[in-house]
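Chemist: Dock chain D against the given chain L, drawing on the hints supplied.
Protein chains: 2
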Amino acid sequence: MADKPHVVIIGGGFGGLYAAQALNRAPVRITLIDKSNHHLFQPLLYQVATAGLSPGDIAEPIRTILRHQRNVHVLMAEVIDIDVDARQVHLADDDPIGYDHLILATGATHTYFGNDQWSDLAPGLKSLENAVSIRKQFLTAFEEAERTKDKALRRKLLTFVIIGGGPTGVELAGTMAEMARQALPRDFDNIAPDDARVILLEGSPRVLKVYPEELSAKAQKALEDRGVEVRTKSRVTEIDNDGVFIKEERVEAANVFWAAGVQGNPLGRCLGAPTTKRGLVKVNPDLTIPDHPEVFVVGDLAQLTDAEGKYVPGVAQGAIQMGQYAARVIRSRVAGKAAPKPFVYKDKGSMATIGRAAAVAMVGKRQFSGWFAWLMWLAVHLLFLIGFDNRLIVLIQWTWYYFSYKQGTRLITASYKGHENPRLNPAMAAYEVGSAEQETEATV
Amino acid sequence: MADKPHVVIIGGGFGGLYAAQALNRAPVRITLIDKSNHHLFQPLLYQVATAGLSPGDIAEPIRTILRHQRNVHVLMAEVIDIDVDARQVHLADDDPIGYDHLILATGATHTYFGNDQWSDLAPGLKSLENAVSIRKQFLTAFEEAERTKDKALRRKLLTFVIIGGGPTGVELAGTMAEMARQALPRDFDNIAPDDARVILLEGSPRVLKVYPEELSAKAQKALEDRGVEVRTKSRVTEIDNDGVFIKEERVEAANVFWAAGVQGNPLGRCLGAPTTKRGLVKVNPDLTIPDHPEVFVVGDLAQLTDAEGKYVPGVAQGAIQMGQYAARVIRSRVAGKAAPKPFVYKDKGSMATIGRAAAVAMVGKRQFSGWFAWLMWLAVHLLFLIGFDNRLIVLIQWTWYYFSYKQGTRLITASYKGHENPRLNPAMAAYEVGSAEQETEATV
Numbered sequence: 003m004a005d006k007p008h009v010v011i012i013g014g015g016f017g018g019l020y021a022a023q024a025l026n027r028a029p030v031r032i033t034l035i036d037k038s039n040h041h042l043f044q045p046l047l048y049q050v051a052t053a054g055l056s057p058g059d060i061a062e063p064i065r066t067i068l069r070h071q072r073n074v075h076v077l078m079a080e081v082i083d084i085d086v087d088a089r090q091v092h093l094a095d096d097d098p099i100g101y102d103h104l105i106l107a108t109g110a111t112h113t114y115f116g117n118d119q120w121s122d123l124a125p126g127l128k129s130l131e132n133a134v135s136i137r138k139q140f141l142t143a144f145e146e147a148e149r150t151k152d153k154a155l156r157r158k159l160l161t162f163v164i165i166g167g168g169p170t171g172v173e174l175a176g177t178m179a180e181m182a183r184q185a186l187p188r189d190f191d192n193i194a195p196d197d198a199r200v201i202l203l204e205g206s207p208r209v210l211k212v213y214p215e216e217l218s219a220k221a222q223k224a225l226e227d228r229g230v231e232v233r234t235k236s237r238v239t240e241i242d243n244d245g246v247f248i249k250e251e252r253v254e255a256a257n258v259f260w261a262a263g264v265q266g267n268p269l270g271r272c273l274g275a276p277t278t279k280r281g282l283v284k285v286n287p288d289l290t291i292p293d294h295p296e297v298f299v300v301g302d303l304a305q306l307t308d309a310e311g312k313y314v315p316g317v318a319q320g321a322i323q324m325g326q327y328a329a330r331v332i333r334s335r336v337a338g339k340a341a342p343k344p345f346v347y348k349d350k351g352s353m354a355t356i357g358r359a360a361a362v363a364m365v366g367k368r369q370f371s372g373w374f375a376w377l378m379w380l381a382v383h384l385l386f387l388i389g390f391d392n393r394l395i396v397l398i399q400w401t402w403y404y405f406s407y408k409q410g411t412r413l414i415t416a417s418y419k420g421h422e423n424p425r426l427n428p429a430m431a432a433y434e435v436g437s438a439e440q441e442t443e444a445t446v
Numbered sequence: 003m004a005d006k007p008h009v010v011i012i013g014g015g016f017g018g019l020y021a022a023q024a025l026n027r028a029p030v031r032i033t034l035i036d037k038s039n040h041h042l043f044q045p046l047l048y049q050v051a052t053a054g055l056s057p058g059d060i061a062e063p064i065r066t067i068l069r070h071q072r073n074v075h076v077l078m079a080e081v082i083d084i085d086v087d088a089r090q091v092h093l094a095d096d097d098p099i100g101y102d103h104l105i106l107a108t109g110a111t112h113t114y115f116g117n118d119q120w121s122d123l124a125p126g127l128k129s130l131e132n133a134v135s136i137r138k139q140f141l142t143a144f145e146e147a148e149r150t151k152d153k154a155l156r157r158k159l160l161t162f163v164i165i166g167g168g169p170t171g172v173e174l175a176g177t178m179a180e181m182a183r184q185a186l187p188r189d190f191d192n193i194a195p196d197d198a199r200v201i202l203l204e205g206s207p208r209v210l211k212v213y214p215e216e217l218s219a220k221a222q223k224a225l226e227d228r229g230v231e232v233r234t235k236s237r238v239t240e241i242d243n244d245g246v247f248i249k250e251e252r253v254e255a256a257n258v259f260w261a262a263g264v265q266g267n268p269l270g271r272c273l274g275a276p277t278t279k280r281g282l283v284k285v286n287p288d289l290t291i292p293d294h295p296e297v298f299v300v301g302d303l304a305q306l307t308d309a310e311g312k313y314v315p316g317v318a319q320g321a322i323q324m325g326q327y328a329a330r331v332i333r334s335r336v337a338g339k340a341a342p343k344p345f346v347y348k349d350k351g352s353m354a355t356i357g358r359a360a361a362v363a364m365v366g367k368r369q370f371s372g373w374f375a376w377l378m379w380l381a382v383h384l385l386f387l388i389g390f391d392n393r394l395i396v397l398i399q400w401t402w403y404y405f406s407y408k409q410g411t412r413l414i415t416a417s418y419k420g421h422e423n424p425r426l427n428p429a430m431a432a433y434e435v436g437s438a439e440q441e442t443e444a445t446v
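Sequence order for the protein chains is L and D.
When we follow our numbering, the leftmost residue of the first sequence carries the number 3, and every step to the right adds one.
When we follow our numbering, the leftmost residue of the second sequence carries the number 3, and every step to the right adds one.
Bound conformation, chain L alone (with noise of 0.2 angstroms):
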């Protein structure tokens, strides 16, 4: 065993996970190495972030996922350097790791283009955290709105600014909206539909731009219908306790949320190969980095144009394939036989979904919106989610919420590290409530 190469790869997200099973019987050592334990369906994450699904629901521990296969050691720890020249990866606290085969999928994170002290300001949704603090943000604005009867507080409270019209913006915007002017009122005595404000800003002229110029007028539309008040064409110049500024134009929020710029980990920029400004790292046609043809960067981190000219984008799709052909490369090579083709980038088609059963798809040069488009988003997302066993939770929960219009998890739990609303009263934390089990006596 100890003599077969050993192939490291850092990062349990779709790159790492799938390379890792792409080389299932290989005979090659993997040691995959993430600082989390589980594996997240990021597609989903919005849903945790609003309230719709539970953290369980999308993230599963990558040793369960990984048990049956026999070659793979995953190990919990935090990759601090990678020495490219020695073949070695530094970690926190232990000895260093050398590699014959290093695959490097550590994602991307968000960036504020300088303006890093709008990260308190503005959290960002990458991690289960990130959206366990969202949903208590966004749900303690409801409280504390339901509480105050200065009603310029309670407007300021109740308004929801997200930045970014991307896929995560829009997704954000349209599920925020259904809660806080649909499902959430009803159970608030104070608050009625139209308290509530979820502004979505878009710098250029208009949202999923990425998608054609119809779906985007699709997805505004249906947008505009859940009452989003979509901002194209708006950047934003200044965030403060009081809110956001566009230009001169000042929007008081309580509640401000990013979904804006990405950059890649910062492990890209210790390999010592060219990356774009964002950090992303900029990789040869068979995902290999220059003079080192034994480290593959795959996923959000790797940029490339494929051989057929087709930019890859940052999405799963995207990271799973690179994931799969950085682990042909690295069979072929272990049996001596010739290097595969380079890297082609299949388009599957994207989808984004606005809320309850509105969606926009394209998959090749077809489009869909509406309903349909989120039948597809949706069966989609399950099959994909078949690799946990809570798809048929997840199902369920789907499709209990959709008819009693009432979302799930609208847990409030005490704010992890890391982010706390500043412009929120941050009292709120001392009596234990409802003790329902009590030793009747003291036994120490």
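No lab work stands behind these hints, which were simulated from the structure alone.
Honestly, I wouldn't trust all of these hints.
Copies of the same chain look alike in the list, so a pair counts if it works inside one copy or between any two.
Restricting the straight-line Cα-Cα distance to at most 30 angstroms, the calculated cross-link-like pairs of lysine-lysine (DSSO-like) are [what the hints assert, rightly or not]:
no. : residue 1 : residue 2
1   : LYS235    : LYS339
2   : LYS153    : LYS6
3   : LYS6      : LYS151
4   : LYS249    : LYS279
Modeler: Leaving out everything else, chain D in the frame of chain L:
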């Protein structure tokens, strides 16, 4: 509306929630105050701590539960004081609220018997946050053990000490042992089932000491069958970074959990009524406090031997019956009718699970154990959950886990504020992994 008598209920646990519901359509206006937004089904909290259920499975927003009840206003706020003479409840950051009738139902919390420095070293299990924090510590210990080559350290990392042999301690120990010695090792390369030790410490001569001796013995046997080391007559004298001391004996353990002492919520002492040394309020036979017939204390915070001489235990049934009784008294007063007879606790039986297919139960004088008791436990708890939409989902999950022998939501998410295991390496917190969706360009 405003001239109807105002009933303020503090706490949305079993006592407070059932009191509110029992006042449905009564000619009163009710304000239910809780610092959290959810009612918690606390009998299943240990399932969240041991990764069997998600927080969302056992909790539901209080205002959602009460949405159809017109005379209730739900307020998420923190109560910091009660002025029984002025009949006012003081909030942390809002005006005081006056009342005509007060139902205090804030429950109990755990106590370290004066050793408050133990609270970080041996977290207890009362809230969802506690449960998620214990789950994180439990799962992280396995991840750390998988990484280390030091056998003594691995042993220590995989030693789980549970202090207190009441229902919570027994359920926690049984489920943890099944997870630690059966389910989890299959996911790890370097951990064998026997590597994990689960030790249950109980000061008195037997576990579940409020149960008949026979059932205590059966519970202990069932625990031991699952690999739990049950040590009765064992009092912990010290807890530190390396584990615990039982008198002179050192037990090395990275994980120590507290299921022992219980004390009343501090608000109980604001009433000026007599309390036990653990802060439980000694209530009159009608659940009010001396000199203040308008102030009721119900649930775990109340201490009472009922009119038939039965001590009312701190369990869900006790809280529910007390809450409903207080509501009945208020109804009769408002209607100008005679007061109901003093409160009598109707013992519907009690039960504790030890793990898969094992439980002990007693209903009246009849005792049950093993498979049948476990099915009873399952049925009762699912029936209880019937107020929740998720009972179907929980049933499906349990059926699935039962047959797949795979537990549910084994997620290690960023730590909640509050508890961090001081014995584990605090690192592991830097890179973001596996982004599946990425805006292709910045839009701000």
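Chemist: Hints first: check each against the structure and report whether it holds.
Modeler: Hints versus structure:
In this homomeric assembly, LYS235 and LYS339 never come within 30 angstroms of each other (Cα to Cα): the closest approach is 52 angstroms inside a single copy and 68 angstroms across copies. When the C-alpha separation of LYS153 and LYS6 is checked against a cutoff of 30 angstroms, the pair qualifies only between copies, where the shortest distance is 26 angstroms, while the shortest distance within a copy is 69 angstroms. With identical chains, the CA atoms of LYS6 and LYS151 are at most 30 angstroms apart between copies only, with a shortest distance of 21 angstroms across copies and 69 angstroms within one. For a Cα distance limit of 30 angstroms, the shortest separation of LYS249 from LYS279 inside one copy, 25 angstroms, qualifies, whereas the shortest one across copies, 62 angstroms, does not.
Of the numbered hints given earlier, the model fails hint 1 alone.
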